[in-house]
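S.K.: For the record, the sequence lines run as chains A and B.
In terms of this note's numbering, the first sequence is numbered consecutively and its last residue is 536.
In terms of this note's numbering, the second sequence is numbered consecutively and its last residue is 466.
Some hints here could point you the wrong way.
27 angstroms max Cα-Cα, derived DSSO-like pairs, lysine-lysine [said to hold, decoys possible]:
1) B:35 to A:112
2) B:416 to A:164
3) A:278 to A:230
4) B:54 to A:278
5) A:9 to B:416
6) B:89 to B:433
7) B:433 to B:35
8) A:164 to B:9
9) B:396 to A:164
10) A:9 to B:376
11) B:396 to A:112
12) A:112 to B:182
13) A:164 to A:79
14) A:9 to B:182
15) A:9 to A:164
16) B:340 to A:9
17) B:35 to A:9
18) B:340 to B:182
19) A:367 to A:388
20) B:9 to A:112
21) B:35 to A:24
22) A:9 to A:79
23) B:416 to A:112
24) B:340 to A:79
25) A:112 to B:376
26) A:164 to B:54
27) A:230 to A:388
28) B:54 to B:454
29) B:340 to B:376
30) B:54 to A:9
Because the hints were derived from the structure by calculation, they are not lab data.
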Amino acid sequence: MVIRGEIRKGAYHDSVTLMIVSGKLNELEGVEEASVVMATGENRSILEAAGLWTGELDDASETDLVISLRAASEEVARKALEQVGELLGQVSKKQSVHGGPVARSLEQAVEKLRGARLALISVAGRHAAAEARRALDAGLHVMLFSDNVSLEDERGLKELALSKGLFMMGPDCGTAIINGVPLAFANRVARGPVGVVAASGTGLQEVCCLLDRHGTGISQAIGTGGRDIKEAVGGIMFMEGIRALARDEDTTCIVLISKPPDLPVLKKVSQCVRDAGKPVVALFIGGDPGLLSDAGAWAASDLEEAALLAHTIVRGEAMEGAGELMLERQKKVRSLARQIRQKGGWTSATPRDQDKAAQDVHGRSRKFLRALYSGGTLCHEAQWILRKMSVRAFSNTPLEGNARLEDPRKSKEHSLVDMGDDLFTSGRPHPMMDFRLRNERMLQEAADPETAILLFDLVLGYGAHPSPLDELLPLIGRLQREVPEVLLICPVTGTEGDPQDRNKVVRGLEQAGVVVMPSNASAALLAGQLIMTPTS
Amino acid sequence: MDLFKQPLKVINVGLLSFHEELVAQGVDSLHVRWKPPAEVAQAARETMRRYREKIDEANARALEIILAGKPVLTGLSVAREVIPGMHDKRILHSGPPITWERMCGPTRGAVMGALVYEGLADTPEEAGQLAASGQVDFAPCHQHASVGPMAGIISASMPVFVVENESSGHKAYCTLNEGLGKVLRYGAYDTAVIQRLRWMEKTLYPVLRESVQNLGKLDLAGLIAQALHMGDEVHNRNRAATSLLYRALAPHIVEVAPSRQEAREVLDFINGNDHFFLNLSMPAAKCCLDAARDIPGSSLVVAMARNGTDFGLQLSGTGNAWFSCPAPVPDALFFPGFSKEDANPDIGDSAITETVGLGGFAIAAAPAIVQFVGGKAGDALQYTLDMYEISAGEHKVYQIPQLDFRGSPVGIDVRKVVEKNITPFIDTGVAHKKPGVGQVGAGVLSAPMEVFQKAFEGLAEHLPGD
Chain A
1 MVIRGEIRKG AYHDSVTLMI VSGKLNELEG VEEASVVMAT GENRSILEAA GLWTGELDDA
61 SETDLVISLR AASEEVARKA LEQVGELLGQ VSKKQSVHGG PVARSLEQAV EKLRGARLAL
121 ISVAGRHAAA EARRALDAGL HVMLFSDNVS LEDERGLKEL ALSKGLFMMG PDCGTAIING
181 VPLAFANRVA RGPVGVVAAS GTGLQEVCCL LDRHGTGISQ AIGTGGRDIK EAVGGIMFME
241 GIRALARDED TTCIVLISKP PDLPVLKKVS QCVRDAGKPV VALFIGGDPG LLSDAGAWAA
301 SDLEEAALLA HTIVRGEAME GAGELMLERQ KKVRSLARQI RQKGGWTSAT PRDQDKAAQD
361 VHGRSRKFLR ALYSGGTLCH EAQWILRKMS VRAFSNTPLE GNARLEDPRK SKEHSLVDMG
421 DDLFTSGRPH PMMDFRLRNE RMLQEAADPE TAILLFDLVL GYGAHPSPLD ELLPLIGRLQ
481 REVPEVLLIC PVTGTEGDPQ DRNKVVRGLE QAGVVVMPSN ASAALLAGQL IMTPTS
Chain B
1 MDLFKQPLKV INVGLLSFHE ELVAQGVDSL HVRWKPPAEV AQAARETMRR YREKIDEANA
61 RALEIILAGK PVLTGLSVAR EVIPGMHDKR ILHSGPPITW ERMCGPTRGA VMGALVYEGL
121 ADTPEEAGQL AASGQVDFAP CHQHASVGPM AGIISASMPV FVVENESSGH KAYCTLNEGL
181 GKVLRYGAYD TAVIQRLRWM EKTLYPVLRE SVQNLGKLDL AGLIAQALHM GDEVHNRNRA
241 ATSLLYRALA PHIVEVAPSR QEAREVLDFI NGNDHFFLNL SMPAAKCCLD AARDIPGSSL
301 VVAMARNGTD FGLQLSGTGN AWFSCPAPVP DALFFPGFSK EDANPDIGDS AITETVGLGG
361 FAIAAAPAIV QFVGGKAGDA LQYTLDMYEI SAGEHKVYQI PQLDFRGSPV GIDVRKVVEK
421 NITPFIDTGV AHKKPGVGQV GAGVLSAPME VFQKAFEGLA EHLPGD
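Excised from the complex, chain A in its bound form:
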């Protein structure tokens, strides 16, 4: 076994490119572990922790690329290192001057792309604010995907944008749909009359997808970044979004999604809602649904209800209709829970397995819900729904009143884990793109004799994993074989227009024995029903 490192002075590639190349190196015969990263302080500590930082890398500066690998032999290591250049070449060939126009800087891009209106910025956090400022200075609206931007910078950027009449979506804005174009992590939805402003990424995606499934389209979906509604930022972009949609003649109904805003921000938002002159649906995940009722907003208690209310409003139908649909959902979930229990087991398993499963269930050894989320808002929503059912759960991102997991890597009783949390994503791709870490965690949970239900979300769309079934089906097959008594529930956020095609994905999951739910809210409700009700 040898460990080898190499520095490429001044070479730069984006993190996704490097993850792809690292992944390819890891697949090489005889390579135990390989990593190709920029030598930032953070990446250095990751490599050190993994025992992959060798003396050969000590001279690397933050702007150098480093390759490090553990391999079966010197020969394998040498061949792998030789391949890096070629692999990087393959990936970055598309970036070269031959492969169509590219620019070396934002200013050059503005010159080359006449009529450019928006900069989508996803550089590393410490460079993000400077880049966003340059974009605003160049008169571009900005969607800032990067996180790790200070609150002061966020406020400064948003004030600058406001003074120039520009949008400043983000930092940490993962999704938006502008003029029908899904940006970063977003779904292909029909265009229509509903406008969305969200300080919550997967919340925005879920509502847009549910509306699309009901046949109602989206005019604009504006992400603000999760901290916009904090007093330190002042709700600048949240309010600007509401005002823009209020002015937009293609928007007839506005949906707001966020955690409960800080009080001074709530007051200002409330005034914006009053001034909007259009029906507004508001959802505050984890807060009092009626926070904006005084301002005339329709209160939703979860993402699915928010979509149903907006759908009903733009159809011009009686609002009681939405209430009825919600009751219907409740009934459907109850009857599904009954069916699952009546089957005597959690899965559509074979009779032999059923006996075994029944035993476990009757024995009450398997009694806990373990939910592994890639969508942070979805994880919060599920906690919120379960709380309303009096289920207290542990989480690494606990809702007020829930307990924090001591070790996010280890579940306890009922646990809902946001796998998109920094702890899990530092140095690796987001779990919506890369399932490896969550798949491992699912095996870990299934091996716990107390696990009764494994709930995992699947978010489709641009930016997400292009072929999720390839990753999930082998794992699900293994779970069904080894622990058929564990019930698998999966809410799938996406549309049939998405590159992955939601219908195809849902069929695949159902055939594999997964209970696929139409929304995250109904998935949480189902899980809640099952764990609350005695199973004997």
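Got chain A sorted already, so can you dock chain B onto it with the hints?
M.R.: Quick look at chain B alone, frame taken from chain A:
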């Protein structure tokens, strides 16, 4: 909000996959090949930010001076007579200051050749001993209003061109180009090399001196501007400029030469060396940039030069300070029988052409030499476009036809180099690392970032404290 009313066109900075997905959807998206800024000390970064406006003003002044430059060839003379501070024991060399001990092979070879040429030593061996004895006074050309290609050796008896910046009065000096192959500037010093130097002194120099006298003076800016329209960038390609010079001088050469034979020899010598004009494009650049020196606070580069060991940089705002780091070995096309193994690290004052917006900065104008940059005209275009990213402005006289006669990028701003992590792109010749062998190839290189990081921090220290 106007964003909603027009088709969405996106500039993507960061993850390439976002750009690809937009393109797959048919959205007009342009990807920025972004790099993180180069690392510099935080304190320096803050100082430079605090003085941003002051530096901007200083740079505007410096740029104005550079653009106002009017380089003209006014005559020829001998180094000892015109170069300030020149004397018989002094040898000028290219790049930043360096001792004999640290000199690279080609520079040592050229020094030995020059000492033999001057009659200070009888053999190269003796010359080497003399050079090591401490009795020879080495100094950079740049500190004596001069520039020299490759080893850049100037000794007291060598004939030089005298170029003057008519708007500022600054003068710059450069030897006459010896041709390609085994020549002094590439470190060759054998008898043939010395004999050529003597012929240049005895025949070429007097004929050219009188020819230029006859001509009066020659507008070099105008000649270079024309050459850019004819496929030169006047660093690695000087064919058009040399031809234009030949046309200007030929009638006078015929008139003043003592014999037909000598006229013929002089004309053949110029005609046989496509790089003859390089030794004029360099002092033309030098006298314009020298005029922009010593402007307090200016972050513009006034000299980039290499001595084959170190790469050196001088800024307008930091006086005579040299910032330096090891010189890299260029990427090159090598003559048959040679490879990168044989190559000496980068050498010569000729990067003064890039500093004034020519050479690598104007490579888009020279499609004939794009084999040095990947073989495609589009590549050359992109290199020039990239240089606008680190430049303070555009030249008014030097234009690039391929960019609709846009002025070439000029005035390298060390702040932009650091911030955008793009270093100047330099055309160059490659010398063999051993003395006496000569040229082995030609190519290009990107200037090393380290020297710009040092200069950035150096300028921050030069700025007044609070």
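S.K.: If a hint holds in the structure, say so; if it does not, say that too.
M.R.: Going down the list of hints, with the structure as the test:
As the CA atoms of residue 35 of chain B and residue 112 of chain A are separated by approximately 19 angstroms, the hinted pair is consistent with the 27 angstroms bound. The straight-line distance between the Cα atoms of residue 416 of chain B and residue 164 of chain A is roughly 25 angstroms, inside the 27 angstroms bound, and the hint therefore holds. Note on residue 278 of chain A and residue 230 of chain A: the hinted pairing holds, with a Cα-Cα distance of about 25 angstroms set against a maximum of 27 angstroms. Using a Cα cut-off of 27 angstroms, the hinted pair residue 54 of chain B and residue 278 of chain A is violated, with the two alpha carbons roughly 51 angstroms apart.
This hinted pair checks out: residue 9 of chain A and residue 416 of chain B have alpha carbons roughly 20 angstroms apart, not beyond 27 angstroms. Distance hint between residue 89 of chain B and residue 433 of chain B is fulfilled; the C-alpha atoms sit about 26 angstroms from each other, no more than 27 angstroms. Distance check on the hinted pair: residue 433 of chain B and residue 35 of chain B sit about 33 angstroms apart at the alpha-carbon level, beyond 27 angstroms; violated. Between residue 164 of chain A and residue 9 of chain B the CA atoms are separated by roughly 19 angstroms; this keeps the pair inside 27 angstroms, and the hint holds.
About 33 angstroms separates the Cα atoms of residue 396 of chain B and residue 164 of chain A, which puts this hinted pair outside 27 angstroms; it is violated. A hinted pair counts as satisfied when its Cα atoms are at most 27 angstroms apart, and residue 9 of chain A with residue 376 of chain B qualifies at roughly 26 angstroms. In summary, the hint linking residue 396 of chain B to residue 112 of chain A is supported, as the alpha carbons are separated by about 22 angstroms, within the 27 angstroms threshold. The straight-line distance between the Cα atoms of residue 112 of chain A and residue 182 of chain B is roughly 45 angstroms, outside the 27 angstroms bound, and the hint therefore fails.
Distance hint between residue 164 of chain A and residue 79 of chain A is unfulfilled; the C-alpha atoms sit about 53 angstroms from each other, more than 27 angstroms. Restraint check for residue 9 of chain A and residue 182 of chain B: the C-alpha separation of about 34 angstroms exceeds 27 angstroms, so the hint is violated. Note on residue 9 of chain A and residue 164 of chain A: the hinted pairing is violated, with a Cα-Cα distance of about 39 angstroms set against a maximum of 27 angstroms. Among the hinted pairs, residue 340 of chain B with residue 9 of chain A is consistent with the structure: their alpha-carbon atoms are about 19 angstroms apart, no more than 27 angstroms.
The hinted pair formed by residue 35 of chain B and residue 9 of chain A meets the criterion: a straight-line CA distance of about 13 angstroms does not exceed 27 angstroms. Annotation: proposed proximity of residue 340 of chain B to residue 182 of chain B holds, straight-line Cα distance about 18 angstroms (limit 27 angstroms). For the suggested pair residue 367 of chain A and residue 388 of chain A, the alpha carbons sit about 19 angstroms apart, so the restraint of at most 27 angstroms is met. With a CA separation close to 12 angstroms, the supplied pair residue 9 of chain B and residue 112 of chain A stays within the 27 angstroms bound.
Between residue 35 of chain B and residue 24 of chain A the alpha-carbon distance is near 23 angstroms, which keeps this suggested pair within the 27 angstroms criterion. Between residue 9 of chain A and residue 79 of chain A the alpha-carbon distance is near 20 angstroms, which keeps this suggested pair within the 27 angstroms criterion. Of the supplied pair hints, the one linking residue 416 of chain B and residue 112 of chain A holds, its CA atoms being roughly 19 angstroms apart against a limit of 27 angstroms. Among the hinted pairs, residue 340 of chain B with residue 79 of chain A is consistent with the structure: their alpha-carbon atoms are about 23 angstroms apart, no more than 27 angstroms.
A threshold of 27 angstroms between alpha carbons decides the hint, and for residue 112 of chain A with residue 376 of chain B the separation of about 20 angstroms falls inside it, so the pair holds. Between residue 164 of chain A and residue 54 of chain B the alpha-carbon distance is near 25 angstroms, which keeps this suggested pair within the 27 angstroms criterion. Note on residue 230 of chain A and residue 388 of chain A: the hinted pairing holds, with a Cα-Cα distance of about 25 angstroms set against a maximum of 27 angstroms. Between residue 54 of chain B and residue 454 of chain B the CA atoms are separated by roughly 20 angstroms; this keeps the pair inside 27 angstroms, and the hint holds.
Simply put, residue 340 of chain B and residue 376 of chain B have alpha-carbon atoms about 22 angstroms apart, close enough for the 27 angstroms limit, and the pair holds. About 33 angstroms separates the Cα atoms of residue 54 of chain B and residue 9 of chain A, which puts this hinted pair outside 27 angstroms; it is violated.
Hints 4, 7, 9, 12, 13, 14, 15, 30 from the earlier list are contradicted by this structure; the remaining hints agree with it.
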